[in-house]
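*Asks:* Line by line, the protein sequences give chains A and B. The number in our numbering is simply the position in the first sequence, starting from 1, with 11 added. The number in our numbering is simply the position in the second sequence, starting from 1, with 69 added.
Derived from the structure by calculation, the hints contain no laboratory data. Only a predicted model underlies this, so the values are computations on that prediction, with no experimental measurement involved. Treat the hints with care, since some could be wrong.
[What the hints assert, rightly or not] Under the rule of at most 25 Å between Cα atoms (straight-line distance), these lysine to any residue pairs were calculated in the SDA-like manner:
no., chain 1, residue 1, chain 2, residue 2
1, B, Lys517, A, Phe25
2, B, Lys517, B, Ala336
3, A, Lys148, B, Arg359
4, A, Lys148, B, Ser456
5, B, Lys517, A, Ser147
6, B, Lys381, B, Ser456
7, A, Lys65, B, Ala329
8, B, Lys381, A, Leu142
9, B, Lys381, A, Gly175
10, A, Lys65, B, Lys381
11, A, Lys65, B, Leu510
12, B, Lys381, A, Glu95
13, B, Lys252, A, Lys65
14, A, Lys148, B, Lys381
15, A, Lys148, B, Leu510
16, A, Lys65, B, Pro251
17, B, Lys517, A, Gly175
18, A, Lys148, B, Ile205
19, A, Lys148, B, Thr459
20, A, Lys191, A, Lys65
21, A, Lys65, B, Ser458
22, A, Lys148, B, Leu221
23, B, Lys517, A, Leu64
24, B, Lys381, A, Phe25
[Said to hold, decoys possible] Selected chain A positions facing chain B (in silico; Cβ < 7 Å):
no., residue
25, Phe25
26, Pro28
27, Gly32
28, Ala61
29, Leu64
30, Met97
31, Arg124
Glycine residues also receive a C-beta, built at the ideal position from the N, C-alpha and C atoms.
Below are the chains, spelled out letter by letter.
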Amino acid sequence: MPAALALSGLTKSFDRPVVRGVDLTIAGGEFYALLGPNGAGKTTILRMVAGLLKPDSGAISIFGIDALADPVAAKRLMAWVSDEPMVYDRLTPLEYLDFVAGLWQVEPDRARRTAHELIDWLGLAPYANDLCGGFSKGMLQKVALAGALVHDPRLIILDEPLTGLDAGSARQVKDVLRHKTEAGVTVIMTTHILEVAERMAERIGVIAEGRLIAEGTLAELRARIGRETTLEEIFLDLVARGSQAA
Amino acid sequence: MSATASLFWLARHELRLSWRDAMAMMTGGRRARLIGWIVGGLAVYALITLIAWFSIRPWVEAGALIDPQVLLVVSGMGLLFWAVNLSQALEAVTRVYYARSDLDLILSSPTPGARIFAIRAGAVFVATFALGVLLISPLVTALVFQAGWHWLSAYLLLAALAALSVAIAMGITRLLFHLAGPKRTRLLAQIVAGIVGAGFVIGIQAAAILSHDGFSRLAFFQSADILASAPDADSLLWLPARAAMGDMPAALLLLCCALAILGVTIALVAPSYGRLASAAAGLNHVRRRRHASAHAFAPATQRQALRRKEWKLLQRDPWLLSQTLMQLLYLVPPALLLWVNYGAGDGTFIVVVPVLVMASGQLAGGLAWLAISGEDAHDLVSTAPLSQSTILRAKVESVLVVIALVLTPLLLMLAVTAWPMALITALCAALAAGAATAIQLWFRVTAKRSMFRRRQNASRAATLCEAFSSIMWAGTGALWAAGSPLLVLPAIAALGVLGLARLIAPKNA
């Protein structure tokens, strides 16, 4: 079975190199956390995977599909949730999900059923027919997440999905993501909340200065720095070493 | 500095922000562009001054006679100018209440809200005055050099008009807050601004059409009927016209009165500013419920889903809708002309056809920006499994359908009178709308729909190309309606503008 995501030699420069030859393979059904300091290149990598940015060089394969050669086929299999929920102020959550289902051409009955399930699941039922314009950031993030799930993607990419969420909302989002990985969906997530990566991710990748400087399970990362400690300590240690090496 | 910010300190802060904003808009972050702006601006200014110089020369050489006829024309044109002035002031004052930017920071500081309002009202006054100066200074410069320094009094009158406009705008906005509440004030102020700005011009045109079968505002003010009903030469009603024409004491008197009115209005309105601005900010957290649609999750293609979304968003945003459809007010005079001259000769069509073509081009430009650039969920649409061309095709279709809906009744009216003219209008309107949409497509940027008002600042080149293209297609329509073979000239020019737009459009768009 092909990898859910395979990156090879991925590079991207703006006014300076931001991503420098990243190779990464993530298996189907895996929960992968991508960590790194601000400006390390995490979001740029994920935006290239989602088809929002074109890489300068390298290859992106999603479930065996060359995402650069056939972006539409690759997009059919994945969903992107950004840190700033992009939801229309003047659509209700149900209308938003209807629109997303239309874009992904989900069969109408299935879309209706899934939309209502997601709305209930994420605690949005009382607001299903309210315009999103008056929603808090947490509610908007949940609407965006529901949009990402309404077409049953096989790969979900989330950029800082828990930023600004209260404890209850963060818990709901984490539960949904855990449930999805149990059902075989691949989840790739960037986060600055290391506790979330520590608890939820099967594998963790650390990016610094545009390079993947370390990856593996938590135990493998601990072994790499040679002491039994928290992910925070491991992360800071790895980033410091990565910066020195650069 | 005292514990709370002083008026001077706040004014300096506002000035610095405005200056940097203006510089960023003009230069786009590149200093070299500033030189282009200065050189280009001076060249245009010199050209307009030269035109003004030769236009007024015969009148000055004839003794610069100020009779009731001249006073009437100056008063009429001044009223038209002031209506536009007032409309702009109303929009600017509304922005003082509704633009968020740094308002949360400032209102949460110990600085009194009234002080902030006073500064921002002052900034609106300065901006309104400066715009007026920019528009009339070529004419005043020509008059000062040919007829004497006393013509500088026109600037004093301009300042008085700006002060009065800002005071009235503040009064109207405050009244709207009181009567309609913060939820509706922005929209209502927008409509009032549109009606004040365009309504007076359109009203004069309508009066000219009904009484003289023509569009000319100048001819209306010069007509014998109007002149006969004008007041005597020594009437106080001519004071503004006299102030505009070199009467320094009259200008000073009007300026003092207007500044006093502005000061009193600021003093009356300012205390409620913090409360009303906070109420306006609170609208972001108001939830509005809608009935669940029976058509939700109905089968639809990807293009249908995109089109429906565009129409739904447009229909639900009355502020955006009013901004866009306000241009349709300009269709009232040609519709009136068509109605008045029902069954008359081809002369009517030479006027009606280009106006309809121009309106469709301008309307298409605005709507195309909303659909193509103003995408609030850009990431969502870009990560959906459909090609960029499918997305663009759906968005362009959504724009063209709206234009067709707006134009169809007028085209039907035309078709009843003369179907070949309806055909010419439809064809030229389609070309103008298509060209405006193509220009928006080539110059597309990722922006929020709320940036609609500032879309013209994003690319002045796109705005100019769009305007010139619409004008040229309108010219093509007019010459075609007149049966002139010269119609190929504006048509070629329109295609040239399109080619130029394609050439200068950013390559990554």
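*Asks:* Starting from the hint list further up, note which numbers the structure goes against and sort them upward.
*Replies:* 2, 4, 7, 9, 10, 13, 15, 16, 18, 19, 20, 22, 24, 25, 26, 27, 29, 31
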